[in-house]
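Novice: Residue numbers (the working numbering), protein chains in the order written: chain X, 1 to 299; chain H, 1 to 780.
None of these hints come from the bench; they were simulated from the model. Given the structure is predicted, the values throughout are model-derived calculations rather than measurements. Just to be clear, a hint being listed does not mean it is correct.
[Said to hold, decoys possible] Straight-line alpha carbon distances no greater than 25 Å define the calculated SDA-like cross-link-like pairs of lysine to any residue that follow:
hint, chain 1, residue 1, chain 2, residue 2
1, H, Lys566, X, Val70
2, H, Lys566, H, Gly470
3, H, Lys672, X, Ser108
4, H, Lys703, X, Asn37
[Stated by the list, open to error] Per the computed footprint, the stretches of chain H lying under chain X, defined by three or more beta-carbons under 8 Å from a beta-carbon of chain X, are:
hint, segment
5, 592–602
6, 675–682
7, 702–713
[As the list claims (entries may be wrong)] To give a feel for the contact side, a few chain X residues facing chain H, derived at Cβ under 10 Å:
hint, residue
8, Val19
9, Cys93
10, Arg122
Note that beta-carbon positions come from the ideal geometry of N, C-alpha and C, so glycine has one too.
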Amino acid sequence: MSGMVFHIQRFSLFDGPGVRTVVFLKGCPLRCAWCHNPEGLSSHPQILYDSARCIGCGECRAACSRGQHVFRERLHGFDQEGCIGCGKCAEVCCSGALSLAGQSMSASEVIEAVMRDWPVYRESGGGMTLSGGEPLFQADFAIELLARAKGRGISTCVETSGMADSRKLLEAAAYTDLFYYDYKATGDEMHRKLCGAPQTLILENLKKLDSAGAEVALRCPIVPGANETPEHIWGIAGTARKHKCIGQVQLEPYHRLGISKAEKLGKGGAYDARPPSRQALEAYCRIVEENSGKQCFIA
Amino acid sequence: MPEGILYKKGMVIDMNDYKSTKERLCFSGRMERVREDILKRLQRYELREGTRTCPIKMDPMPDPFTDTFEENPNTPYVINLANGIVRSWMATPLVIFPCEAVVGITRPWYPVLEHFSIGLQGAASVLEREDKESAVALYKRMVPLDRTYRTAEYVRILGKRGYEAFLEDQVFNAGGYQGHTIPNYVTLLENGLDGVLGLIDKYAAENAKDEETKNFYEANRIIVRGMSEWLTAYSIEAARLGALEANPVQKKFYEEIAANCAFVAHGRPQTLYQAVQLMWCLSLWDWVDCVGRMDQYLYPFYERSVREGDVISAEDAIVSILFKIWENGSHNVTVSGVHADGSDATTDLTYLLLQILRNIHDTHPRMSIRIHGDSPKELLELAVQMWSEGMSDPTVVSDKNVIAGLTKIGVPMEDARDYSMLGCQEIEIPGKSNFGCEDGTFNLAKIFEFAMNGGKSTSHPDIRLGPETGKFVDFETFEEFFEAFEIQLKYFTRLFCHLSDKGQEIRAANFAKLVKTPFTTGCLEKGKPHDMGGPVYNFGVVETAGLAAAADSFTAVKKLVYEEKKISRQTLADALAVNFQGYEKERQMLLNMAPKFGNDDPEADAMAVRVLDLFWSECGRYKSIRGDVYTGACSLLEGGIHYGKHTGALPDGRFAGEPLGNSMGPRPGADKNGVSAMLSSVEKLPLEKGVGGTTLNVVLTTKLLSNPSLRQSIASTIRSYLMEGGQMAQITTANLEDLLDAREHPERHGDLIVRVGGFSIQFVQLGPDAQNEIISRYNE
Chain X
1 MSGMVFHIQR FSLFDGPGVR TVVFLKGCPL RCAWCHNPEG LSSHPQILYD
51 SARCIGCGEC RAACSRGQHV FRERLHGFDQ EGCIGCGKCA EVCCSGALSL
101 AGQSMSASEV IEAVMRDWPV YRESGGGMTL SGGEPLFQAD FAIELLARAK
151 GRGISTCVET SGMADSRKLL EAAAYTDLFY YDYKATGDEM HRKLCGAPQT
201 LILENLKKLD SAGAEVALRC PIVPGANETP EHIWGIAGTA RKHKCIGQVQ
251 LEPYHRLGIS KAEKLGKGGA YDARPPSRQA LEAYCRIVEE NSGKQCFIA
Chain H
1 MPEGILYKKG MVIDMNDYKS TKERLCFSGR MERVREDILK RLQRYELREG
51 TRTCPIKMDP MPDPFTDTFE ENPNTPYVIN LANGIVRSWM ATPLVIFPCE
101 AVVGITRPWY PVLEHFSIGL QGAASVLERE DKESAVALYK RMVPLDRTYR
151 TAEYVRILGK RGYEAFLEDQ VFNAGGYQGH TIPNYVTLLE NGLDGVLGLI
201 DKYAAENAKD EETKNFYEAN RIIVRGMSEW LTAYSIEAAR LGALEANPVQ
251 KKFYEEIAAN CAFVAHGRPQ TLYQAVQLMW CLSLWDWVDC VGRMDQYLYP
301 FYERSVREGD VISAEDAIVS ILFKIWENGS HNVTVSGVHA DGSDATTDLT
351 YLLLQILRNI HDTHPRMSIR IHGDSPKELL ELAVQMWSEG MSDPTVVSDK
401 NVIAGLTKIG VPMEDARDYS MLGCQEIEIP GKSNFGCEDG TFNLAKIFEF
451 AMNGGKSTSH PDIRLGPETG KFVDFETFEE FFEAFEIQLK YFTRLFCHLS
501 DKGQEIRAAN FAKLVKTPFT TGCLEKGKPH DMGGPVYNFG VVETAGLAAA
551 ADSFTAVKKL VYEEKKISRQ TLADALAVNF QGYEKERQML LNMAPKFGND
601 DPEADAMAVR VLDLFWSECG RYKSIRGDVY TGACSLLEGG IHYGKHTGAL
651 PDGRFAGEPL GNSMGPRPGA DKNGVSAMLS SVEKLPLEKG VGGTTLNVVL
701 TTKLLSNPSL RQSIASTIRS YLMEGGQMAQ ITTANLEDLL DAREHPERHG
751 DLIVRVGGFS IQFVQLGPDA QNEIISRYNE
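Produce the complete structure using the sequences and hints provided.
Specialist: Listed below in structure tokens is the structure:
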């Protein structure tokens, strides 16, 4: 089986126990305003264009059969609209200004790449983490990767929005040591407004993981101007309290790294705000800990 | 609890938990006072490396060394040398600082022939005297051979113009370095000075048949007797001060020092306090060169002192000797590793030394931990904890890979297991070796240039230094091109080894390392000086620069020129000749469209393996005149910067003059796959042939070490690297913001310690190139 992968990141220390390799899968059902991996949204390959690195050689124009690349006085314009993500332009781009996000890989190719750090997993108790996008958007592929990783004896984690087919999620849970489960808004209205979909399914899925005895860390992006509200902080605490599967809560302060990625995708108007203050985060942490009885960290 | 001797016997001892990463050691009141005084003195010293840590100024500076040669024109050289060294020490003021337990200060700067055999500045000063003829005669008596001997050989081979071009091109530096070695502290401590005199007499009786050999043994006697004399002088001075002292506590200290020095002036040390005083005497006379496996040879004394008590506590004795090493900038202390039978050699003393180092928190002393499969977990955890506190010591070294490499070149297993780190992270068998560390440094990237240009460099296209191997544009296949490199490499390696030998001849003629000689196994037995093959092991060590740059250049040429034909041979040759001016597209292709070493990429890594294996195997075909083969090494960061300045543009996309990459690591900024991928690449290299010592500098953010579970992960990563195929790793931890800020505002960051090759140094003391290199090595 193969799937669409947009990045494999080795030596990650912040996405589960020990030293890990994170596999980023393409495609996501949500459209969160602050998305920091916008190249993971679409399930198709996409070209990222970094104008700062372009030296204006023009090779891409010749390589593209659809005329997406335009040059005016060595100034390079790229039209995302109509691009089929064939990747031919990125292949000939000498400076790395053009790159292809999304590559079809077989499960065994991915596992082979992941297992390169096997000695480090063995020493540290680390392993593979699936991320995205929403890794369960390619559910069968994700499940196959998890099963194979388990078969190789390494630890497995999944970073999920929870917006997934319940049956598939539970199937994945059989091979998953730890879920990082997103909690982004409190209440359907807020969730629909910020993430483009209702929260109902996400909460139902969390309950199902709870009954199935999965291990979950609740991951909560704190985005000023979007969900940094008292109701939401209380919502986090209440959700954490209600589910015994949740061992800990992580508050993830909003950061601006997604903006430059959105620009490379030719998308303007990415969410921009000041990251929340350390002081505020610590206060939220205390509230969550006191009202949920669960440990809370700032990621 | 390894070995747990202290606890097994059920003794209640008031001591710290040395293994703890949480609790810190508390120095005793006495040692705390000594520490404060050292800190004050350190601020006044000009330079800790070398000899500028003498706390006293002498005006005019007496020069009994030169006097010895002047007064005894007819005495054999080696006898004058020994007497000159002893007289110099005896003319050095005897200084005992308040509360000190171990005594002895270093001398002011002056002719340093006994260690720095080619650093003859001191002796050369006599040439400035009025009477030229007698000045030259005196100089020749003091320096039987000097560096002009080696220069003459360069000129003979390369011609005058060729030699000038060679110097500017910096192809290599051969035979010009003094060479650290570790004297045999076990011999010293097991025999005492009189016992060593007895050994000299014994071997002299067996071997001294001719005048020359008799003089050699006599010179050894003079040195050892001189050390006795010097310790006696300290004993008398301490007694004198004790008689004058009003404060009863300090009076007692003086009396203890007097008794201690008097005993070890002749006797075989019984207690730890005696052992460390005697050890310091040799270390100081040995120009504070490296001291080897301190936690091993001091352990019997330490254990006994803890068990039976001593004049001063075992902890204070160890703190005292480490403080001396700290103040005087000794090169390297090695701890842990395995015993001769392969079992774990970690003891309480191992942890105590590390904890003292942790409290000192400075660029010295440098410490290396030997890690093996059965090392206690706590050991590496303590190291990681120290890194997380901003230290760049200790360095970690893989027993598995070093011992395998040593046995491969013929060192018996038992001795291989006793190896120690020294200098800037070189390796040797302590007390038994002269590895000539380093015999010189060799720039592989420059050889690449010679292969491109048929034996000429880019900067001197009119002067042929290497063999004529044809032009790059004429090579139809990659293998033809690589063959040209091979021919150039073989030619220059042979030349390098030959010229290293010339430098070696100078050291041998000058009886360098005379102080170490009676304390180095083999010298007395064979009746041979240290630099003439006296020690048991006499390997040569070749420092390697430019590996990543040469390897990446080959990979790029193979892929883009020969396989994919994206760049023609002519275009590449033209682009390199003009340092890529007008060829930015080609440069970008070379940079981005060919894989680079350091990313766990099979193709790029295989090329690095091929280049390095070729070079180090070639070195292994030659024997140094000391007697054993040359082996590889790679431990200099500054080397990559220095040699980079003299290397032209290369097909890895690097502009002329840019750094070549540090030590075993990738080119600055070329590794993009994270620390574990970088380590995997380095693991593939034939490091077992780099028995001279191969360091890898890893820069980590403080964020990666900010909590215990992250520190565990880092410890696991390092352990896995050392167990898989890595040889050595040294860590720099800092925030990128701190480094950037320190570059702009050096005044705010005096305490930022980073690792540069084998050195720990304050970041702000580095030149801009080295600072930038460290910043570019930054791994998030």
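Novice: With reference to the structure, classify each hint as holding or not holding.
Specialist: To see whether the hints hold, each was checked on the structure:
Taking the CA atoms of Lys566/H and Val70/X, the gap is about 23 Å. The hint holds against a cut of 25 Å. Of the supplied pair hints, the one linking Lys566/H and Gly470/H holds, its CA atoms being roughly 22 Å apart against a limit of 25 Å. Taken as a hint, the Lys672/H and Ser108/X pair is honoured in the structure, with Cα atoms around 23 Å apart against an allowance of 25 Å. Between Lys703/H and Asn37/X, the direct Cα distance comes to roughly 22 Å. Compliance with the 25 Å bound is thereby established for this hinted pair.
Restraint check on the segment 592–602 of chain H versus chain X: 3 residues with Cβ-Cβ distances below 8 Å, three needed, restraint holds. Counting residues of the segment 675–682 of chain H whose C-beta lies closer than 8 Å to any C-beta of chain X gives 4; at least three are required, and the coverage claim holds. Taking a C-beta to C-beta cut-off of 8 Å, the segment 702–713 of chain H contributes 5 residues in contact with chain X, enough for the three needed, and the coverage statement holds. Given hint, Val19/X at the interface with chain H, holds; its Cβ is 5 Å from that chain's nearest Cβ, closer than 10 Å.
The restraint placing Cys93/X at the interface with chain H holds, with a minimum CB-CB distance near 8 Å, inside the 10 Å limit. For the restraint placing Arg122/X at the interface with chain H, the shortest Cβ-Cβ distance is roughly 7 Å, inside the 10 Å limit, so the hint holds.
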